[in-house]
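Residue numbers (the working numbering), protein chains in the order written: chain A, 1 to 284; chain B, 1 to 340; chain C, 1 to 327.
No wet-lab data here; the hints were simulated from the structure. Check the hints yourself; a few may be wrong.
Pairs of lysine-lysine residues, derived as BS3-like cross-links and limited to a Cα-Cα distance of at most 27 Å, are as follows [stated by the list, open to error]:
| no. | chain 1 | residue 1 | chain 2 | residue 2 |
| --- | --- | --- | --- | --- |
| 1 | C | Lys16 | B | Lys152 |
| 2 | B | Lys91 | B | Lys268 |
| 3 | C | Lys268 | B | Lys245 |
| 4 | B | Lys152 | A | Lys5 |
| 5 | C | Lys109 | B | Lys268 |
| 6 | B | Lys274 | C | Lys199 |
| 7 | B | Lys274 | C | Lys75 |
| 8 | C | Lys75 | C | Lys175 |
| 9 | B | Lys268 | B | Lys72 |
| 10 | B | Lys274 | B | Lys205 |
| 11 | C | Lys16 | A | Lys5 |
| 12 | B | Lys268 | B | Lys331 |
| 13 | C | Lys16 | A | Lys15 |
| 14 | C | Lys268 | B | Lys205 |
| 15 | C | Lys253 | C | Lys9 |
| 16 | A | Lys5 | B | Lys205 |
| 17 | C | Lys109 | B | Lys24 |
Keep in mind it's a predicted model, so treat the numbers as computed, not measured.
Spelled out, the chains give:
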Amino acid sequence: MSTIKSFFRVINRNKQAFAGLIILLIFLFMALVGPYIIPPATQTNYAERLQLPSSKHLLGTDYAGRDTLSQFVHGSRNVLVVAFLAGLFTLLIAFVIGTVSGVVGGTVDAILMFITNIILTVPSFPIMMVLSMVIKISDPVTFGLVLSIWSWAGLARAIRSQILSLRQRDFIEASRVLGLSLPHIIFAEMLPNITSYIAINFIMIMRGAITASVGLMVLGLVPFSSTHWGMMLQMAISNTGALYGSSAIIYFLVPVLGIVLFQIGCLFFANGLDEALNPRLRTQ
Amino acid sequence: MEPLLELENVNMIFENRAGLFAPKRMVGAVVGVNIQLNPGEILAVVGESGCGKTTIGKMVTGLFKPTSGRIKFMGKDIWSLKGRDFFEYRKSVQMVHQDSYAALNPARTIYQSLSAPLFRHKFAKDKKEARARLEELFNMVGLTPPEQFLDKYPHQLSGGQRQRILLARALSVQPKLIVADEPVSMVDVSLRISLLDLMADMNSKFNVAFIYITHDLATARYIATHGRIAVMYLGKIVETGNLNKVLAEPRHPYLQALLSAVPIPDPKIARAMKPLPLRSLDMPDPADPPQGCRFNPRCPYAEAICEREEPPLIQLGDELVACHLVEKIPKWKWTEEATV
Amino acid sequence: MAENILQFKNVTVEFKLHRGVLRAVDRASLDVKRGEILGVVGESGSGKSTLASTVLNIVSSPGEISSGEILYNGKDILKLNDEELRRYRWNDVAMVFQAAQNSMNPVIKIKEQFLETAAAHNIHMSDNDVLYKARRLLEYVRLEADQVLNSYPHQLSGGMKQRTIIAMSLLLDPKLLILDEPTTALDVITQAYIMDILKGIHADLGITMMFLTHDVSIMGKIADRMAVMYAGQVVELGTVDDVFYNSLHPYTKGLIHAAPSLTDDVSKRRPIPGSPPDLINLPPGCRFAKRCGFYNAGFCSGEEQGELIEAKPGHFTTCLEWERMDA
Numbered sequence: 001m002s003t004i005k006s007f008f009r010v011i012n013r014n015k016q017a018f019a020g021l022i023i024l025l026i027f028l029f030m031a032l033v034g035p036y037i038i039p040p041a042t043q044t045n046y047a048e049r050l051q052l053p054s055s056k057h058l059l060g061t062d063y064a065g066r067d068t069l070s071q072f073v074h075g076s077r078n079v080l081v082v083a084f085l086a087g088l089f090t091l092l093i094a095f096v097i098g099t100v101s102g103v104v105g106g107t108v109d110a111i112l113m114f115i116t117n118i119i120l121t122v123p124s125f126p127i128m129m130v131l132s133m134v135i136k137i138s139d140p141v142t143f144g145l146v147l148s149i150w151s152w153a154g155l156a157r158a159i160r161s162q163i164l165s166l167r168q169r170d171f172i173e174a175s176r177v178l179g180l181s182l183p184h185i186i187f188a189e190m191l192p193n194i195t196s197y198i199a200i201n202f203i204m205i206m207r208g209a210i211t212a213s214v215g216l217m218v219l220g221l222v223p224f225s226s227t228h229w230g231m232m233l234q235m236a237i238s239n240t241g242a243l244y245g246s247s248a249i250i251y252f253l254v255p256v257l258g259i260v261l262f263q264i265g266c267l268f269f270a271n272g273l274d275e276a277l278n279p280r281l282r283t284q
Numbered sequence: 001m002e003p004l005l006e007l008e009n010v011n012m013i014f015e016n017r018a019g020l021f022a023p024k025r026m027v028g029a030v031v032g033v034n035i036q037l038n039p040g041e042i043l044a045v046v047g048e049s050g051c052g053k054t055t056i057g058k059m060v061t062g063l064f065k066p067t068s069g070r071i072k073f074m075g076k077d078i079w080s081l082k083g084r085d086f087f088e089y090r091k092s093v094q095m096v097h098q099d100s101y102a103a104l105n106p107a108r109t110i111y112q113s114l115s116a117p118l119f120r121h122k123f124a125k126d127k128k129e130a131r132a133r134l135e136e137l138f139n140m141v142g143l144t145p146p147e148q149f150l151d152k153y154p155h156q157l158s159g160g161q162r163q164r165i166l167l168a169r170a171l172s173v174q175p176k177l178i179v180a181d182e183p184v185s186m187v188d189v190s191l192r193i194s195l196l197d198l199m200a201d202m203n204s205k206f207n208v209a210f211i212y213i214t215h216d217l218a219t220a221r222y223i224a225t226h227g228r229i230a231v232m233y234l235g236k237i238v239e240t241g242n243l244n245k246v247l248a249e250p251r252h253p254y255l256q257a258l259l260s261a262v263p264i265p266d267p268k269i270a271r272a273m274k275p276l277p278l279r280s281l282d283m284p285d286p287a288d289p290p291q292g293c294r295f296n297p298r299c300p301y302a303e304a305i306c307e308r309e310e311p312p313l314i315q316l317g318d319e320l321v322a323c324h325l326v327e328k329i330p331k332w333k334w335t336e337e338a339t340v
Numbered sequence: 001m002a003e004n005i006l007q008f009k010n011v012t013v014e015f016k017l018h019r020g021v022l023r024a025v026d027r028a029s030l031d032v033k034r035g036e037i038l039g040v041v042g043e044s045g046s047g048k049s050t051l052a053s054t055v056l057n058i059v060s061s062p063g064e065i066s067s068g069e070i071l072y073n074g075k076d077i078l079k080l081n082d083e084e085l086r087r088y089r090w091n092d093v094a095m096v097f098q099a100a101q102n103s104m105n106p107v108i109k110i111k112e113q114f115l116e117t118a119a120a121h122n123i124h125m126s127d128n129d130v131l132y133k134a135r136r137l138l139e140y141v142r143l144e145a146d147q148v149l150n151s152y153p154h155q156l157s158g159g160m161k162q163r164t165i166i167a168m169s170l171l172l173d174p175k176l177l178i179l180d181e182p183t184t185a186l187d188v189i190t191q192a193y194i195m196d197i198l199k200g201i202h203a204d205l206g207i208t209m210m211f212l213t214h215d216v217s218i219m220g221k222i223a224d225r226m227a228v229m230y231a232g233q234v235v236e237l238g239t240v241d242d243v244f245y246n247s248l249h250p251y252t253k254g255l256i257h258a259a260p261s262l263t264d265d266v267s268k269r270r271p272i273p274g275s276p277p278d279l280i281n282l283p284p285g286c287r288f289a290k291r292c293g294f295y296n297a298g299f300c301s302g303e304e305q306g307e308l309i310e311a312k313p314g315h316f317t318t319c320l321e322w323e324r325m326d327a
């Protein structure tokens, strides 16, 4: 309990991290609770299309007269779920590969790093584009997998180097002399020392996943769900010519700003995470 | 009585490359070392950095495998042990590191770090038992009140406290042998003696053998008063025997030089001591040791034979000394130096 | 010329941390006599390294010299402007830092380090002059000048690097040399050798030296006078013989008897019980009281005493009960 308390104390001290946390919490709240508060905007009403913000429609309406705010809120759940899953899968793959490479070493390490290097050199977005054309993406899990399959390489290398340097440390040597088992050494001794690293990377991966997912949807490659922000953007561009001016600009800007804000939240929060997760800085 | 630990003609040769295209160099960190340790005995392994003493510590704890020779624990070669036997060996030989901060996991509390081996070796079944055992241990090593230390992180404790925790951790699995590599060199001078006394106490109470590795001869006296000493130079043992006798009457010129150089906390004696005139100050490169006796380029008494042949360890009373001219070298005494 | 080349007058250094204010050095007063070798002994938390860093006004942040004066030849160096400070550093006072072996730039050769040092502090010497002097100084510390000058730091052993740093500190003929733990991390034989070299430098060049160490055993060999620091304060000051054989502060006596020795009877050594106080939450009164035999036996009230009293001519102490210690 005291660790959680001191964790938040450090976050509070760092104004930037605190702001980031607030932003992320707002999004979380919006994703979890929002859809229950704001009714889904399914009723089309072409008479009210592309209206500017008013008291009835706080963020205006889309090309079919549906409330933008409602779409945004309902869409956030999908966005965050996909981003979270992408982050999770990427992390798991990177952790397994990085740890096996670092702990086993030798030929296994050489082979894994060879594969990793190839993945690193080939740009991920085109691969994701191809994959989304080939695989039918109809649920968040598949989407998350597609987003993660080419994104784990950098993190795997980083985890591997952390493991390699931890292996040399005296306390790991002591664990070996004490006869502690290998799974214990990896999960109970090494892992706590790289949690801050992993947590920060997780946030950043989520950030990247959102961008990638939105990008795929804007290109129309993932006819996923109508309420996803990416879909909103796609509709905005294709159906209303939003990029060419007109009052549809609000409809266009809403998801864009949503993405930007979320990324800012991630960045700011990640900044403070390192300090908060480091026991040395925490207990000062 | 069967010896607890035996090192038979142990060699540890490291391969080293100066650069990508440079030829491979062989560094003989430990060369032809023979050691025997009985249960409950204390052996001080003394030498300067690069002499191989740390490597011996790592070989005894099974972290390094010797390139040749055998290390036998309770009669069995440790590298031939499998499964249950190896696990038993692991429990019986423990280590206390020099840097107490580096030897403790900075991301875990003391309780978390120290309870793990207890559970692993079945010394405790649950949290309550583990805590009780640790509190008992902490009381023994002078960390009172013990509850105060269990839930702290390593960085919240002082160096002396952490060192005691390292000792408690080593003792927690009831080992037969503890290898302590420079355990007090990073601790304040005023606290060193209490740590050394503690280790000597643990040795007599639980009959745990100690191998005490250090470059500080003065501290060796405190822990190995009734024990033996092995002096190392460039990977070889040059003198060994009962500690008090060897320090009172050093026969090997290297040991004599070491004793002249150790600082004495007594100004009158300190001012009167003159260092033994060594012909060269710097240690030779361990990858390229001198021909013949490894000490000959620096030895003030060296003769032709010293440059040709490596001296074997000759029995001299109860001691073993590796020097061709041991009979001819003048005896080294404190007062004699003072009158020069 | 004045008798004291350097004077610390009531110097206090504070570090403002989240938890509170840490007084690393508390009202320290100390005189360094011209031409002497002064040793300052202090264990971890004593403040000796912080005190050393004040001489060149390089206390690492967030530390600040919150009060006091440091007089070099009568002039307060804390009031010097940047230009004067640059001339003062290395020209008048040079410092060899702790683990100096690691303070050399690993990617440039030794001879360039000498040239850089000279350039940073003194523009009146030509490159050739600097190297000529460097060569002489390296030979003086018994190193092969040409070999060392053309090497990179990693090609030299610990002892060689330390001697090189000492030679570099003498480059601009400083009048005062401060050495912080000059021999830690070095082997015993190298240690003795370096102390010998320092003694030689002192005898030949007449440089005043102040060296700081945690190891009281090395004082006896070369120091003329010594000061003992504990928990940020200077608790005893006097000639080496006086302080060793007739200690007037219980900490000093405890420290000397706790240092492992090769010559003494093993059973005569005694550790000092307890541990140093937390410098942020200092206990009121005398900082050593909790560990002091006199206080625990009821002989002393444990009052705060930060001032050095001249108990005997030239022998100072902060202990109020010093008369009890006077054998």
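Now for the hints, and whether the structure bears them out:
1. C:Lys16 / B:Lys152: 23 Å, holds
2. B:Lys91 / B:Lys268: Violated, at about 48 Å.
3. C:Lys268 / B:Lys245: Distance ~19 Å between Lys268 of chain C and Lys245 of chain B Cα, so the pair holds.
4. B:Lys152 / A:Lys5: 15 Å, holds
5. C:Lys109 / B:Lys268: With Cα atoms ~42 Å apart, Lys109 of chain C and Lys268 of chain B exceed 27 Å; violated.
6. B:Lys274 / C:Lys199: With Cα atoms ~13 Å apart, Lys274 of chain B and Lys199 of chain C stay inside 27 Å; holds.
7. B:Lys274 / C:Lys75: Between Lys274 of chain B and Lys75 of chain C the Cα gap is close to 40 Å, so the pair fails against 27 Å, i.e. violated.
8. C:Lys75 / C:Lys175: It holds: about 15 Å lies between the C-alpha atoms, which stays within 27 Å.
9. B:Lys268 / B:Lys72: It is violated: about 47 Å lies between the C-alpha atoms, which goes past 27 Å.
10. B:Lys274 / B:Lys205: 41 Å, violated
11. C:Lys16 / A:Lys5: 24 Å, holds
12. B:Lys268 / B:Lys331: Distance of about 22 Å is within 27 Å: holds.
13. C:Lys16 / A:Lys15: Satisfied, since the Cα-Cα distance of roughly 20 Å is no more than 27 Å.
14. C:Lys268 / B:Lys205: It holds: about 22 Å lies between the C-alpha atoms, which stays within 27 Å.
15. C:Lys253 / C:Lys9: It holds: about 25 Å lies between the C-alpha atoms, which stays within 27 Å.
16. A:Lys5 / B:Lys205: 43 Å, violated
17. C:Lys109 / B:Lys24: Holds: Lys109 of chain C and Lys24 of chain B sit about 25 Å apart, inside 27 Å.
Hint compliance for this structure: hints 2, 5, 7, 9, 10 and 16 are not met, and every other hint is.
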